[in-house]
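Chemist: So the sequences go chain by chain: X and C.
Here the first sequence is numbered in the working numbering, starting from 1 and rising by one per residue.
Here the second sequence is numbered in the working numbering, starting from 1 and rising by one per residue.
These aren't lab readings, by the way, just hints derived from the structure by calculation.
Check each hint, because a few of them may be wrong.
[Claimed, not checked] So the derived label-pair ranges between C-beta atoms look like this:
no., chain 1, residue 1, chain 2, residue 2, range
1, X, A102, C, D63, 52 to 58 Å
2, C, E321, X, E94, 17 to 23 Å
3, X, S105, C, P23, 39 to 45 Å
4, X, S105, C, A354, 22 to 28 Å
5, X, S105, C, L396, 56 to 62 Å
6, C, E18, X, G63, 47 to 53 Å
The beta-carbon is built from N, C-alpha and C at its ideal position, and this holds for glycine as well.
Residues per chain, in single letters:
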Amino acid sequence: MTEFDRDAIQARLTTCTSKEATFKELVSLSKQLERLSDADKTDEHKVKGCESAVWLIEQQDNGICTFQADSDAKLMRGVLVVILSLANGRSKAELQAMDLAAELSQFNLSSYLTSSRTNGILGILKQIQA
Amino acid sequence: MIFDANKLRDEFPILAMEAHEHPLVYLDNAATTQKPQAVLDALIAYYTTSNANVHRGAHYLSDRATAQFEHARDRVARFINAPQADHVIWTQGTTDSINRVAYGLEWCLKPDDEILITSLEHHANLVPWQQLAFRTGARLRVLPLTSKGEWEPEYERYFNEHTRIFACTQVSNAIGVKTPITDMLAAAKAVNAFTLVDGAQAIAHYSVDVQALDCDFYAFSGHKMYGPTGIGVLYGKPHALEVLTPLQTGGEMVSHVTYNSTEFNVLPYRLEAGTPNIEGVIGLAAACDFLAAQDRQGMIEWEQKLARYVFDELKFNTDIEIYSPASDTTVVSLSVPGIHTLDLNSYLDSQGIAVRAGSHCAHPLMAQLGVSSTLRASFACYNTLSEARRFCDVLLEAIEILGDD
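This is chain C alone, in the form it adopts within the complex (with noise of 0.2 Å):
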């Protein structure tokens, strides 16, 4: 299996279109990804042939939607390698997982106890473990880690007997920088903390294995990884799903109810109240087998040598500051000092190039790079070295016709 990126661009339709008469050169996909016709098709055939609610049995079509939305389960499962697929907890995203988690913990954080992020967190993994802290007294402590990521020994100390949370991106969505998560992990597990993984910027790109992680949780979005918006996915291990107080309550999470009083169901349902994202379940589990189908180590590489070419292109010129990594990234992220991203990011968007400017839900990584916005590039599977050179030409007209004041 060698990878072609030019040949897999194929399976993706809305590729060939183009963007202000220009051929569509898209290189937004750490804010979304698109989607391949694998994941169009099992969308289509749910509706034409499944579409039914789940888990009330009685009839065909219903028959048929369950079967496929736990089929989806076990594939999820066997995508991220967890044990089981009652591991699987479908949310609407890795925010929403992220907020039952947080939520879900409550009950044991008292005053004195710490929360611990790091400096990289999108904001989805600072805002509901700040607002956790302020509900229950405990404290919030962040973890500075460099823009390189660099993990000091001395960082040890912030993981201690107060420690009862410690969550972590695995990989930057500012700057595409990788944490040093197999060493936190470590320290946080050697405290006995509860341990989440923000995997939103990594399941595209890296094969994930949560047993390998070893975390308590592990949270993405299937829209970031060519399946579709609202579905995702919480992982967790049995004894820290059990433990979460669930967010939602309602129907199909419940045992038995009177007036007086509920019973849970069991895991996973016990944390999915109400009729799920089925659509989106399937969506996401095509995604899930279109990546399985690919020579995933190729397909990394590839993306990293986009985003390398655009670096080693870029990284000379003086009006340009890059703040990703030069290597193992799949993002570049930079500023022209004197001109705004938004400038910047409107000629590239005239030429047909999509890209993100702004703070990318990170404002304290911003303030800690000294920037208030960035531009930032970021490569999938289908991206070829024609768009990563485009994208270095128009940036550069860019900068020569903003640049003269």
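Bound conformation, chain X alone (with noise of 0.2 Å):
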């Protein structure tokens, strides 16, 4: 399992200052995704209301959650690398406590996430911490 660096990747996109930019760290984060199989792309671990298909495989142990994702776009990918990086290693408690919506804004995605994209990333958010 990939551990992503929380802070180092927030200083990456919080250099960029254009929309090219941003979408060029996206891709090159999105290449740390560890990819889902196809029998994990399930209906079960899909998340709806998303514009591009997503899909999100929770697992525990000892109260620790791992998150799993993946999408068939490569953006979104990228952006699932920054949630993961938000979610990974927390007791559901500590996920449940934290606004990650809040914390999700402090990566400079805004050209990203204020689009209609926004719903369906609120969805990952909603169902990491469920």
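Join the two chains, each given in its own frame, into one complex according to the hints.
Modeler: Written out as structure tokens, the structure is:
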């Protein structure tokens, strides 16, 4: 399981000063995401309300949550890396106490998150806290 | 009169904007068009000199507003060559127009009747008929046009003694192909079906003559033809409009009301309940005047030339699949297998280029094409060849960046 370094990711994204720079950074981040097998991309794992297809799988080990996620869209895979860097390695109670949307807003992704993708991303965050 | 897009652009103030620090290249015209200064001026002038409710007379401003409002009906009627202004009903847009007909004809449907649409419809010309079929027990049938808009003689059998309503788009919103509307309308009339043409994607580009089309109903939106949002038109032949049950009832559409009964007003008012979208009507009339003052033939040739340029630039690229026809269209709808259209869209946006990625409210058509979404560049009168070229260049850049796995 890949560990994502939240601080390093945040540093990379917050130095982007244009939508193009953010785009390229998300493309680059997307490559860190371990892809799910087709067998794992079930309807059960599919997050509803996303414009692109997004799958999310949760595992708990001694109360610690680990999420795996995938999407058919590359930029969404970049965003998923950001989300997993926030969520992985925490307990459910910890996740539920967090304002994940506010955390996510610190990554300078507003030009991607204000679009019609927003609802889908909120759906992912909700499922992580559920 | 010679058509000059570069000159015409100056009439659209928004086109001078930048997006993400690049010059804005607006190629999402099939979704909505930008507005010329003349339309903006008409809206401002209405509110600064004439704002009042219409048809209530009794004071100076109301008389002015009513005169402009009814004059607008004349101008729109002339624009589509309707024989009389009272054949023009104001609606909120194409979707609203179609819903009013779908509701208004409910009385004439019984189980075993058929409503016929084509496989190139926008959801707006599909869902209202499907729901009408559910309510009445009628069957919704789908005429399988190809993505080239081809008409096969064998399709005649879809038009039969059960066909009560035939509703068809004139131009596909998703891929820009024209439908064989004349042949289909002739077949529908031969079986005495009510006919409705969805003109949403045609009205900005082609000269529409409702008498030549000879359809019972013609629906379109103002915002797709350089006019304001929230205003649309339902044109109808008098006998067709007369038999519609009003979807909305209330003020303005009545001539006499008691607690036990209501006598409806004459057309067009019978189908226009409540205070209308007066500013929208006046803005739409200004948009008709704007279009009528152009060299329409030169304009459509220009728009098609831009789409053709993009088609020719991309047609040999093996990464790209194009779903739009090579010619006679103002749209290029494409996909890049292996790359999500939303990703392509994001990169184009980051370079200031506005297009549309998605299913274009046409899920069944996407299924027919075997894709979940396409990227659609749609051209309007103010687009330039350098914008078409820039779209191609940036799309190829996007493919290079996104294709690298």
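Chemist: Out of the numbered hints, which ones does the structure contradict?
Modeler: 2, 3 and 5
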